[in-house]
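Enquirer: Use these hints to put chain B onto chain A, whose structure you have.
Line by line, the protein sequences give chains A and B.
Going by the working numbering, the first residue of the first sequence is number 627, and it counts up by one from there.
Going by the working numbering, the first residue of the second sequence is number 627, and it counts up by one from there.
Hints are computed from structural coordinates only; laboratory data are not their basis.
Since the structure is predicted, the reported quantities are computational estimates derived from the model, not experimental observations.
Any given hint could turn out to be false.
Note that identical chains are pooled: a pair holds if it fits in a single copy or bridges any two copies.
[What the hints assert, rightly or not] Listed below are the simulated EDC-like cross-link pairs for lysine to aspartate or glutamate, each with C-alpha atoms no more than 20 angstroms apart in a straight line:
{"hint": "1", "residue 1": "704", "residue 2": "653"}
{"hint": "2", "residue 1": "629", "residue 2": "653"}
{"hint": "3", "residue 1": "628", "residue 2": "653"}
{"hint": "4", "residue 1": "630", "residue 2": "653"}
{"hint": "5", "residue 1": "629", "residue 2": "645"}
{"hint": "6", "residue 1": "630", "residue 2": "645"}
{"hint": "7", "residue 1": "630", "residue 2": "658"}
{"hint": "8", "residue 1": "628", "residue 2": "666"}
Number of protein chains: 2
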Amino acid sequence: MKKKAIFYHAGCPVCVTAEQVLVAALDPNRFDVEIVHLGEDRGRLPEAEQAGVNSVPALVVDGQVFHINYGASLSELKQQTASS
Amino acid sequence: MKKKAIFYHAGCPVCVTAEQVLVAALDPNRFDVEIVHLGEDRGRLPEAEQAGVNSVPALVVDGQVFHINYGASLSELKQQTASS
Numbered sequence: 627m628k629k630k631a632i633f634y635h636a637g638c639p640v641c642v643t644a645e646q647v648l649v650a651a652l653d654p655n656r657f658d659v660e661i662v663h664l665g666e667d668r669g670r671l672p673e674a675e676q677a678g679v680n681s682v683p684a685l686v687v688d689g690q691v692f693h694i695n696y697g698a699s700l701s702e703l704k705q706q707t708a709s710s
Numbered sequence: 627m628k629k630k631a632i633f634y635h636a637g638c639p640v641c642v643t644a645e646q647v648l649v650a651a652l653d654p655n656r657f658d659v660e661i662v663h664l665g666e667d668r669g670r671l672p673e674a675e676q677a678g679v680n681s682v683p684a685l686v687v688d689g690q691v692f693h694i695n696y697g698a699s700l701s702e703l704k705q706q707t708a709s710s
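Bound-form chain A, shown alone (with noise of 0.2 angstroms):
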């Protein structure tokens, strides 16, 4: 069975990166990505927070949260989901 990986990202140019190369370099035979955009998806943010997710892009893979590079933060992501 494969394992699942999830890439938490917010459309920036960072984040663009980071999915075309490195999430792209993941093995398809043990891994199903799946790609989660926080500022449209914004249901999925308190689940990224429980992950411990401060930042995108970011790549959760077995319960091990990896912060790439800075895009932005959970924070401004929140903001943003209250002010509009």
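Expert: Here is chain B on its own, set in the frame of chain A:
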């Protein structure tokens, strides 16, 4: 032909987790991964710096640098080199 990915680290706990979970998740059919311990292989410090590595752990794929969480800065590693 496989692409080369280089993982720079310094043996820190954050580095070990990144290596065991994220680097291990890369597709072995498409990538040859080289693991470089910058604390032990100090001659590789200039190369890492030139590639754009600011901190470890970092993974360089396709000329793109991905800083993964944060273990230590490259300048700290360089200072250790100078003082030992």
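Enquirer: Evaluate each hint against the coordinates.
Expert: Hint check:
1. Taking the closest pair of Cα atoms, residue 704 and residue 653 never come within 20 angstroms of each other, the shortest separation being 32 angstroms inside a single copy and 34 angstroms across copies.
2. In this assembly of identical chains, the alpha carbons of residue 629 and residue 653 lie at most 20 angstroms apart whether taken from the same copy (10 angstroms) or from different copies (14 angstroms).
3. In this homomeric assembly, residue 628 and residue 653 come within 20 angstroms of each other (Cα to Cα) both inside a single copy, at 10 angstroms, and across copies, at 13 angstroms.
4. Taking the closest pair of Cα atoms, residue 630 and residue 653 come within 20 angstroms of each other both inside a single copy (11 angstroms) and across two copies (15 angstroms).
5. For the homomeric pair residue 629 and residue 645, the shortest alpha-carbon distances inside one copy (18 angstroms) and between copies (17 angstroms) are both at most 20 angstroms.
6. For the homomeric pair residue 630 and residue 645, the shortest alpha-carbon distances inside one copy (15 angstroms) and between copies (18 angstroms) are both at most 20 angstroms.
7. Taking the shortest Cα distances, residue 630 and residue 658 sit within 20 angstroms of each other inside one copy (5 angstroms), while across copies they are farther apart (23 angstroms).
8. For the identical chains of this complex, residue 628 and residue 666 are neighbours neither inside a copy (27 angstroms) nor across copies (35 angstroms), given an alpha-carbon limit of 20 angstroms.
Against the hints set out earlier in the document, violations occur for numbers 1 and 8.
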